[in-house]
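Undergrad: Chains A and B, in that order, give the protein sequences.
Note that my numbering has the first sequence beginning at 1, numbered continuously upward.
Note that my numbering has the second sequence beginning at 293, numbered continuously upward.
What you were told as hints is all true, and nothing was included just to trick you.
As a list, the in silico SDA-like pairs of lysine to any residue whose alpha-carbon atoms are at most 25 angstroms apart:
#	chain 1	residue 1	chain 2	residue 2
1	B	Lys386	A	Glu244
2	A	Lys207	B	His395
3	B	Lys386	A	Gln154
4	B	Lys366	A	Arg184
5	B	Lys366	A	Gly259
6	B	Lys405	A	Glu181
7	B	Lys386	A	Gly178
8	A	Lys90	A	Met25
9	B	Lys386	A	His146
10	B	Lys366	A	Tyr151
11	A	Lys77	A	Val97
12	A	Lys207	B	Ala399
13	B	Lys366	B	Phe385
14	B	Lys405	A	Tyr150
15	B	Lys405	B	Gly392
16	B	Lys405	A	Trp185
Think of the hints as simulated: they come from the structure by calculation, not from any bench.
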Amino acid sequence: MNPTTQPYFEPVTGRYLHLELLGQMHRIYVEEAGEGTPLLCLHTAGSDTRQYRALLNDPALLAKYRVITFDLPRHGKSSPGAGWHKFEYKLTSRDYVDIICAVTDALALEKPIVMGCSIGGRIVLNLALECPERFGALIGLQSGAHVHPYYDLQWLHRPDVQGGETCAGIVSGLIGPGAPETDRWETLWHYMQGGPGVFKGDLYFYKIDGDLRQKVSQIDTRRCPLYLLTGEYDYSCTPEDSLELERLIPGSHLTLMEGIGHFPMSEDPERFLSYLRPVLEQIESSKVARND
Amino acid sequence: MADPNIQQLAERVNSDAWLVHRGRYLDVRFLVASGTDQYVIEIHKGRIDSIEHGPFVMPRWTFAMKAEPDVWEKFCVSHPAPRFHDLMALIRFKTLLLEGDQHPFMANLLYFKDVFACLRPLEISL
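So that you can see chain A by itself, here it is in the shape it has in the complex:
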């Protein structure tokens, strides 16, 4: 009998963490699996923890790493803060860094590796600038210092357009054309389920508030190693954007991922893992060399 036809539970545990963020209590959804070095994973704008479903189920990864991911407020199964309905949501660099540090502290993670994609790939640069000693290593997926708006963001949140389908339509081409069909549409489903104005509010950080072009050269990779992985089909953060980032940050390491787009861990997990594993091995080797 084919074991995959049998019902089974994944090794993933999901829990709700109550903690103070941005001056008020929040209910934050956290998933984790595995044991070992903490690997904290940050989802993209307008999506949620489900993007890391494959990593949370990869036996080889879980044997060495405690893979953890959480939904930002308003995303996935995390509640918005009280009063959310009274103002427009705009994610800022300050708030994003504070949220990550607060969750890291609440979970008592010691020197976690933080890996973020898209807005998560940008914010790891802020972490590298502000508090590198807190982290064992930083991995930026689809990471660039800045993205110029290339469409009118108003289309993402207006009453005469179906928000979820439009958000999915905006990002669908960011997925590599060769991505497995099931993973492609799972990735888009997450976007279709986003709350009103959430993707647009995240992009305030990505395209307006979070411009790091004048700061990234101050990143000191001796204080915290920085690895970059970028898919060749991404036209939001292009390979050229990441190449420029690598050029500006001495000691950073960029890997370009063939056939992959903007959502590597979600759109084509197996292919992405083939690129991620060597990076994790390099991080482990450098830890041994530094006697961490």
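Chain A is fixed; fit chain B onto it per the hints.
TA: Leaving out everything else, chain B in the frame of chain A:
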């Protein structure tokens, strides 16, 4: 844009019942330009009613999509290269100009992406 591709667009779209269903609230006339070559496509309830080939005198359209022939050629292959694989990618790199009232296009973005994917050769399983 190769003429044979666009001439068979109506048949490809209209024979896809799910695609037509997804466009069921869409009624629009839009212009597609490949260099100086122009087409006006009329969609009614998700079905392509007509594809008129220019040149036109005083054409009416709600929005227009204008690109050079080499851009459409790169877009229309089975396995397009990065930057030519998606309508929004073309817009991002300014090789496709979207003009006029964008509302019908943006409100039906996934539909239009799949309509234009019909310009690509059919994948044939042997």
